[in-house]
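*Asks:* Starting from the known structure of chain A, arrange chain B on it as the hints suggest.
Those protein sequence lines, which keep their order, are chains A and B.
Positions in the first sequence are counted from 1; adding 23 to them yields the numbering used here.
Positions in the second sequence are counted from 1; adding 23 to them yields the numbering used here.
Don't take each hint at face value.
Note that identical chains are pooled: a pair holds if it fits in a single copy or bridges any two copies.
[What the hints assert, rightly or not] In silico EDC-like cross-links for lysine to aspartate or glutamate, where the CA-CA straight-line distance does not exceed 20 Å:
(1) LYS54 / GLU131
(2) LYS621 / GLU642
(3) LYS612 / ASP129
(4) LYS445 / GLU736
(5) LYS250 / ASP311
(6) LYS556 / ASP38
(7) LYS174 / ASP160
(8) LYS250 / ASP485
(9) LYS473 / GLU637
(10) LYS621 / ASP635
(11) LYS445 / GLU661
(12) LYS321 / ASP403
(13) LYS238 / ASP609
(14) LYS713 / ASP640
(15) LYS238 / GLU519
Rather than coming from a laboratory, the hints here were simulated on the basis of the structure.
Since this is a predicted model, take the numbers as computed values, not measurements.
Take a look at the letters that make up each chain.
Protein chains: 2
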Amino acid sequence: MEGFGCVGKRIPKIDAQDKVTGRSVYIQDLKVPGMLFGKILRSKYPHARIVHIDTSRARKLLGVRAVITAEDIPAVRFGFMKDQTALKAAKVRSYRDEVAAVAAIDPEIAEEALDLIEVEYESLPAVFDPEEAMREDAPLIHEENKTNILKLPWKLVAGDVEEARKKSAFVVEDRFKTTWVTHCCLGTDGVIADFDLRNNLTMYRNTQIPSLAQKDFNDALQAMGLKASKSRVIQPTIGGGFGSKLDTYAFEYIAILLAYVTRRPVKILNTREEEFRYTSTRQPAIIDIAQGCGRNGKLTFRNVLMILDNGAYTSWGATTPSVMMMPISSLYRVPNVFYEAKCVYTNNTWSQAMRGYGNPQATFAIDSNLDQLAHEAGFDPMEFRLINANEPGEVTPQRFKITTCGLEACIKEVGKKLGWEKRKKSKKTGARGFGMASLIHVGGGARVYKSDGCGTIIKIDDFGTVNVFTGATDIGQGAETVIAQMVAEEIGVLPEDVNIIDNDTDVCPWDVGVHASRTTFVAGNSAVMAARKVKEQIFEIAAGYVDRWKDKEGNKHETRLDEDPQNLVIRDRIVYSTREPEKKVDLGKILRGAHYSKGGTMIMAEYFYDPDNENLDREFKGNLSMTYAYGTHGVEVEVDKETGKVKIIRYIAAHDVGRAINPMLLEGQIYGAAAMGTGYALTERLILEKGEVMNANFRDYKLLTAKDVIPVEPIIIETIDQDGPYGAKGIGEPGCVPTAPAIANAIYDAIGVRIKDLPITPEKIVKALRQKQGETDSQ
Amino acid sequence: MEGFGCVGKRIPKIDAQDKVTGRSVYIQDLKVPGMLFGKILRSKYPHARIVHIDTSRARKLLGVRAVITAEDIPAVRFGFMKDQTALKAAKVRSYRDEVAAVAAIDPEIAEEALDLIEVEYESLPAVFDPEEAMREDAPLIHEENKTNILKLPWKLVAGDVEEARKKSAFVVEDRFKTTWVTHCCLGTDGVIADFDLRNNLTMYRNTQIPSLAQKDFNDALQAMGLKASKSRVIQPTIGGGFGSKLDTYAFEYIAILLAYVTRRPVKILNTREEEFRYTSTRQPAIIDIAQGCGRNGKLTFRNVLMILDNGAYTSWGATTPSVMMMPISSLYRVPNVFYEAKCVYTNNTWSQAMRGYGNPQATFAIDSNLDQLAHEAGFDPMEFRLINANEPGEVTPQRFKITTCGLEACIKEVGKKLGWEKRKKSKKTGARGFGMASLIHVGGGARVYKSDGCGTIIKIDDFGTVNVFTGATDIGQGAETVIAQMVAEEIGVLPEDVNIIDNDTDVCPWDVGVHASRTTFVAGNSAVMAARKVKEQIFEIAAGYVDRWKDKEGNKHETRLDEDPQNLVIRDRIVYSTREPEKKVDLGKILRGAHYSKGGTMIMAEYFYDPDNENLDREFKGNLSMTYAYGTHGVEVEVDKETGKVKIIRYIAAHDVGRAINPMLLEGQIYGAAAMGTGYALTERLILEKGEVMNANFRDYKLLTAKDVIPVEPIIIETIDQDGPYGAKGIGEPGCVPTAPAIANAIYDAIGVRIKDLPITPEKIVKALRQKQGETDSQ
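Pulled out of the complex, with its shape left as it was, chain A reads as follows (with noise of 0.2 Å):
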């Protein structure tokens, strides 16, 4: 009875069959009776002023149920700055924003109507760059601001940057640039808003945050007016979120808005286009970075000054500063940082959360950055790594509290997989080169919400099916398979014994949503909570168990377990007594017998699991989350010189998992993530000309394909964590952090130049390997 049964084992998801088979029902499979389908009209500018709506053609039209403005209808504030409405009244900021909507029998008749409206706009001044939108003397999106750079106080002080920076023997200072990429869900967003006769509102929708969704909703009620009605979110089959669903939009307010007026079901879907268009993205930064070093390697500072460009409206992803913070602080052991971002309006589309909340960003700025530092001091940029690694016990500069941490074996694992001490052999191809970079991020959940918890509660029936009904929310990422796991492993029976019930805001207790890599650590610890209260409970009825049966020749037998509580164990359905191991009884049978007798009983319990960290304070310090994941990427590139052209020879991917739950989901999160950062430095880019997306499908936007798939070889490090459900630290988004900065110091490796703009596109190549010609030629 050693080991764990159901812990650390290789279990394909659960709802894998479903979803190759086609009966996962997504959004886009979800029919209500008498739904109606809307369609939005988006602005045919940047910046305008809307003049005058016209939808007396589009009403008229056959099969047209509504058309609504923004008079027609409440003024539903919302967004995390409450800077927008569901339809736009006075002006319009960006092409995305919601102009009208239309209600129809089908999506066609809708979008046909939208043709019909007929808006009349006065062309504003547009600013599409942040800095010029910094300006005294730039158009302001939002006039009663007075500025276009919003009111978040993103700063960070620790030490003193610029006395450390004084004694530093090297310093390198430069920018680096990111642009807009965007999720790619293969699901797309979707809503049906559905009120019922007495105004509740149920949302079925794939969102993210189910609980703090259906506040916003019931604060959208009280708004137009309902001041008795609820709300319930319903979540269809979730086709990827990566953080594109961790808001409430505007077109969920306007489903909503039409099923008021239609008093039908409306349902609202993005097609492929819309979503490029209409979905908001990571936000671009510009980023001006110093690090020094003394001549012993050691980090003496860190400088970050950022510029985000928010676009027209202010997402949750304004908040990514708080999560950059994080590597900027806490990625190798700096003693003195210094770091200031500015949000600002622009008339571009509005970017928001997405995979690594801003760390992919800030990491590609740090090590990109601690790559050439590395290289002006002479050091290997592996052994600079590792003489700046950070380690358990530490607490970093931003007050976190580094309990377990395995940055140094996942740098040298890396190392010893990816051949660094053939570095300079390699080198000797010339357009190939090894290159790595780190990552810090929360694994312990982040206490960026006033609460970081989540609920479970468990009921086992009769026949032994354990039904958890989680807050967690399974976007793809193996939610349920991993909960499964734990609560089997917890209780004793078989991952198959249980199922996960996880789509209902009625039945699910609350969660602040899937984000931050928290899912497997804090729902894992709520999950495996109330299963150990599960557990104690059948332990009490089970010590005093007594089974009278009669044998096929009628000899009368008891099966006794009568054994102290503390002494037994459950695996594989049954339970033992850990004393004298032969004393055995299914555990179906104790259930059983606990039940049907007078006065029966039944196994159910429930626990709401917020862990101990902290929010951050006004000085945006505290321990953010209860456990830090690290990890290590390293990368051999191909350069073709002629073309620009970058190939990925090898790609070994670390992560200090904590405890890996399910190995084969883990790997797959490292390997989708490893694919994501890839794209993200070297191909992926939403080209937005003057505001206006110009590649709104995947061949132009460059998304990774099955060809372009690269060899990751993912080892797992294991630091079993003292607060992780049996060890375990998220993983969600860890996998796509390093990936841009890995790739760009191995294009250093491989050819010379450094490309601090992403994508790293050919023709960046192409243009600073003629640049650096130029330089040798001329010198």
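*Replies:* Relative to the frame of chain A, chain B by itself:
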């Protein structure tokens, strides 16, 4: 803060709006993607050997997806005595017998395919009269049993009936008969069976027994060789049950088998005609009863012999004699009791549970015969009942512990309201008469299964919405509403704050089912006790609650509750100190305060309530229910001696209900039950000729319609039961129990003839009057 906020209030059913506007989703409305439609071919004979079935033509019909006979499928045995399979193999035993089934893309094609199935039968001698079926030379329905009498040991002996009979001053004995009646649910039976890829089964089914049905379906999956499969029962809105949905039936297993064979969801739905022909009925009973009394009018003994027509197969309804024992042993005080019942197989439709579960049949005999005895002994019928009325503190011959008992009050109130003292005067009109009859019924659960329990889980969200997951089933009786009222009362919120979740075995805790008038009592106690746990958690948190806030001028304030938990109460969503009522805080604030803090918590609790009642022992004695509901109905009738038509002039129904949680719903139960009882008494019957239903429609069945509504005047007697939730007892069934004897007694009072077999049709009255006239004339 005196009195109740929610309990005792006349609140409309919370699902009333959805039902009257057609929003409720019944099984009739439910569609599942890819769904096929199943139809069943029934026997053409009441008793025959199946020689050959040719399905080849049916299989070839376009749109048919499967045709199955017993040969094609595993023999899944089911039913209370496991005496049938889903499709019958060697022989058929009634016109209901399922011989083959079809799944097709629409119901019409399935129906057409049935016509193409050719079945060759060899007719067997049949028996339709239970007394004939008991003869040694009768054809055997189930040959393996060697007799048609079921091996069910229904016999109750208390005291010495023979001795008591000898000592009685007056004895009256007679034979009473009842025939087939059926439930006439407006929502006919239906099911959708749906397998997922792992062969887990979801059954959408308007069942009264979700948890027991789940067990049956799990057993079926095992029998089908699907060892690892599980079932889940989802209940759509249920349009009436009345006991008709207390078993699992052949059509459910056929849907499962068709779904398994076709790998598609399969829906089977009864048409109204099928509902009449193939739904089980109330058992017809032949009742020989004798009762005696002393000169003081006190009952001395009761002797009842009963023959029940079981039909061709055995349902849970075969256990109705265990409930018939209740009035036989415990309605009115009677020291010596003998009862024996034989359930007999015939080739008729098989019968089962129906509202009152045998009690209406038994009480018809008991209280008609009691009326005879009163007349024989020279007592006023009301006075005679008062002399023998049960009293609190009594232990009846069946060992029922009578705690609260309002029978005497019921008799007196009925007498008063009816104007019993005017009885003799009104008799002068010749055609008018008064009658009354009483009832006892289980009012605090009924331990007929191994568990009589019900579970509840409660979670409260930040907005103060109380989500209650209950095992209870709402079949239209209003369970959701009364549970919401009790939970709201217990916690101190409003009924509209309570959201009842009661339709999914994955989510809802176990419950034995909606029968035995047990839901208000058992599910109510379970919900109240879970709510109490919730309230205690709230008080613990509230006790230390401190709210710090600023007013408009910026002055700081603190709201402190700072009170011992035991001095707190909640009313209308506000937590008060009982010592200083001005100290109060909004419940929502306390909930959010507890949630939105470090180490936050949320309120959840669960409770499994299993009443402290007893399974009957081998002698069929034991305290079956936690409490007993009593009642008396009094009727004034006018009989047209020419036509035999009976008109109900007044109808007084007094019930000891413990406490009326919702008087409006309670009265609704009484109105409906009295109408059902009146139909049973006067008009309704399913006419079977040699086993074949001859009147499969509402008109010929003579269901009472709106124009036949009787003027029921309910009287609510509250005895505040010590064990009931807020003192409540069950009231679902009692209202239809004493109707027939009350009417029969009134008819006797009016015209001097007693009709002893139901229904009391005009023909029977005219015939009896002519016979009486003949007897008078011949004297």
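*Asks:* Measure nothing new, just compare the shortest in-copy and cross-copy C-alpha distances for LYS473 and GLU637 to 20 Å and report within, between, both or neither.
*Replies:* Within. Shortest intra-copy distance 9 Å satisfies the 20 Å Cα cut-off; inter-copy 50 Å does not.
*Asks:* Between the shortest in-copy and the shortest cross-copy C-alpha distance, which are at most 20 Å for LYS238 and GLU519: within, between, both, or neither?
*Replies:* between (34 Å within a copy, 18 Å between copies)
*Asks:* Which holds for LYS612 with ASP129 at a C-alpha limit of 20 Å: within a copy, between copies, both or neither?
*Replies:* Neither: 54 Å inside a copy, 44 Å across copies.
*Asks:* At most 20 Å between C-alpha atoms: does LYS556 with ASP38 qualify within a copy, between copies, both, or neither?
*Replies:* So LYS556 and ASP38 fail the 20 Å test inside a copy (27 Å) and across (36 Å) alike.
*Asks:* Reference check for the pair LYS54 and GLU131, CA-CA at most 20 Å: within, between, both, or neither?
*Replies:* within (17 Å within a copy, 25 Å between copies)
*Asks:* Could you figure out if LYS250 and ASP311 sit no more than 20 Å apart (CA to CA) within one copy, between two copies, both or neither?
*Replies:* Neither. Shortest intra-copy (49 Å) and inter-copy (63 Å) distances fail the 20 Å Cα cut-off.
*Asks:* Is it within a copy, between copies, both, or neither that the alpha carbon of LYS445 lies no farther than 20 Å from that of GLU661?
*Replies:* within (15 Å within a copy, 111 Å between copies)
*Asks:* Quick one: LYS250 to ASP485, C-alpha cut-off 20 Å, is that within a copy, between copies, both, or neither?
*Replies:* Cα proximity of LYS250 and ASP485: across copies only (16 Å, versus 42 Å in one copy).
*Asks:* Indicate which option fits the pair LYS713, ASP640 if close means a Cα-Cα distance not exceeding 20 Å: within, between, both or neither.
*Replies:* This pair counts as neither: shortest intra-copy Cα distance 38 Å, inter-copy 86 Å.
*Asks:* With identical chains, the pair LYS621 and GLU642 could be close in the same copy or across copies; at 20 Å between alpha carbons, which is it: within, between, both, or neither?
*Replies:* between (60 Å within a copy, 18 Å between copies)
*Asks:* With identical chains, the pair LYS238 and ASP609 could be close in the same copy or across copies; at 20 Å between alpha carbons, which is it: within, between, both, or neither?
*Replies:* For LYS238 and ASP609, the Cα distance is within 20 Å only across copies (18 Å; inside one copy 44 Å).
*Asks:* Given identical chains, is LYS621 near ASP635, meaning Cα to Cα at most 20 Å, within a copy, between copies, both, or neither?
*Replies:* between (42 Å within a copy, 6 Å between copies)
In terms of the numbered hints stated before, the structure departs from hints 3, 5, 6 and 14, listed from lowest to highest.
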